[in-house]
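**Student:** Could you use the hints to bring the two separately framed chains together as a complex?
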Amino acid sequence: AQSVTQPDIHITVSEGASLELRCNYSYGATPYLFWYVQSPGQGLQLLLKYFSGDTLVQGIKGFEAEFKRSQSSFNLRKPSVHWSDAAEYFCAVGYMEYGNKLVFGAGTILRVKS
Amino acid sequence: EPEVTQTPSHQVTQMGQEVILRCVPISNHLYFYWYRQILGQKVEFLVSFYNNEISEKSEIFDDQFSVERPDGSNFTLKIRSTKLEDSAMYFCATHQGWGYGYTFGSGTRLTVV
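Just so you know, the protein sequences line up as chains A and B, in that order.
Okay, so the first sequence: first residue is 1 according to my numbering, each after it adds one.
Okay, so the second sequence: first residue is 1 according to my numbering, each after it adds one.
With the rest of the complex left out, here is chain B (with noise of 0.2 Å):
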């Protein structure tokens, strides 16, 4: 069964540090997603991405979040200066269309010190 890759599993930062976390879509699949877990919360929808560009973000998805699909296969977020209330499980999401469902990438656990 095709599987939403991300990497790394787990990453420590230090606070301020810019981190990337890095997804693979499954290739046929056109709609990109971030969504994290703070520990112990709800999961929350972050960011969507489709044609190259965000189609909608939410209010947690401020200037210092970017997404970008630099090489048509990774899908990317990027938090540039990285705060300790940004710990928390990220997941990468992608489908082919709405009708679907969406496929889940197993996380990235982001700890920032």
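With the rest of the complex left out, here is chain A (with noise of 0.2 Å):
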């Protein structure tokens, strides 16, 4: 079964501070990635997805993300964080041959000190 590995619950990082968000997948074909952030009782807003080619996609906000397909990971990164920064990041997966669902990670959510 297709599943997603998101092993940090928690992050805090200092603001100006550069951000690794880390997310594995399980399945072996060819998955469509995608990122999403969550504010508190807020929607899921898309930062970035890669569905084919270049393997570093750039998103909204600074975000961006790198596939390696020989890790099955799809790590989230900002080179300097803003406080508003701060929110609930899903990783998302989803496969053709698998109906048009997404399988999301548990999520981490990120704390940005001052």
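One thing to keep in mind: the hints can contain errors.
[Claimed, not checked] Derived DSS-like pairs (lysine-lysine); straight-line CA-CA distance at most 25 Å:
no.	chain 1	residue 1	chain 2	residue 2
1	B	K42	A	K61
2	B	K57	B	K42
3	B	K42	B	K78
4	A	K68	A	K49
5	B	K78	B	K57
6	B	K42	B	K83
7	A	K68	A	K113
8	A	K68	B	K42
9	A	K49	B	K57
10	B	K83	B	K57
11	A	K61	A	K49
12	A	K49	B	K83
In short, the hints are calculated from the structure, not lab data.
**Tutor:** As structure tokens, then:
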């Protein structure tokens, strides 16, 4: 079964520091990969997605992610975190051969300290 | 930027009552979904809907759940007889094709008491 692992439940970084959130997916077929951000009580906002092509994808709010097939990973990065980035981040994976549904990771809560 | 609109934003209901959650998809989107997120847990797929019929549903989506697009615009999720464990945030999501990615609504928080 398809699954997504986000090994870090909570991460705390200082404002201005760099950030990397980890994501690993379980299945070896060609995945479609997404990162979403959720502020408390809010919906899910798409940060970026990977379907094919360049394995380094740029998203909104200065985020980027790199797809590494050999490691089954799609880690999210930001070079300099702002206090407004504090939120919960979800990695999700979909596969055309398994319909169009998304399988989500458990999420990583990002805290930013000033 | 186009949005997926969900109503109501919050709903409190008595156990055993029927609830209908509503979603207005983005106008040119063709694929519709419901997901739910129990407090503190991950987002889970419930059902997908395309061309006026269910294309896939999860184990969670039992006979108590139904979806329809009654008037060609709204996309609804009905829970016939709510249980305490149905308390969750329910998200509607839509997209116009697999290459475009999903757009999620802001969710309906359902509390069953």
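**Student:** Confirm or reject each hint.
**Tutor:** How the hints compare with the structure:
1. K42/B <-> K61/A: holds (23 Å)
2. K57/B <-> K42/B: holds (17 Å)
3. K42/B <-> K78/B: Measuring from Cα to Cα gives roughly 21 Å; hence the hint holds.
4. K68/A <-> K49/A: holds (14 Å)
5. K78/B <-> K57/B: holds (14 Å)
6. K42/B <-> K83/B: holds (19 Å)
7. K68/A <-> K113/A: Between K68/A and K113/A the Cα gap is close to 30 Å, so the pair fails against 25 Å, i.e. violated.
8. K68/A <-> K42/B: holds (24 Å)
9. K49/A <-> K57/B: Distance of about 24 Å is within 25 Å: holds.
10. K83/B <-> K57/B: Given pair K83/B, K57/B holds - Cα atoms ~19 Å apart, limit 25 Å.
11. K61/A <-> K49/A: It holds: about 14 Å lies between the C-alpha atoms, which stays within 25 Å.
12. K49/A <-> K83/B: With a Cα-Cα distance of about 35 Å, the restraint between K49/A and K83/B is violated, given a limit of 25 Å.
Hint compliance for this structure: hints 7 and 12 are not met, and every other hint is.
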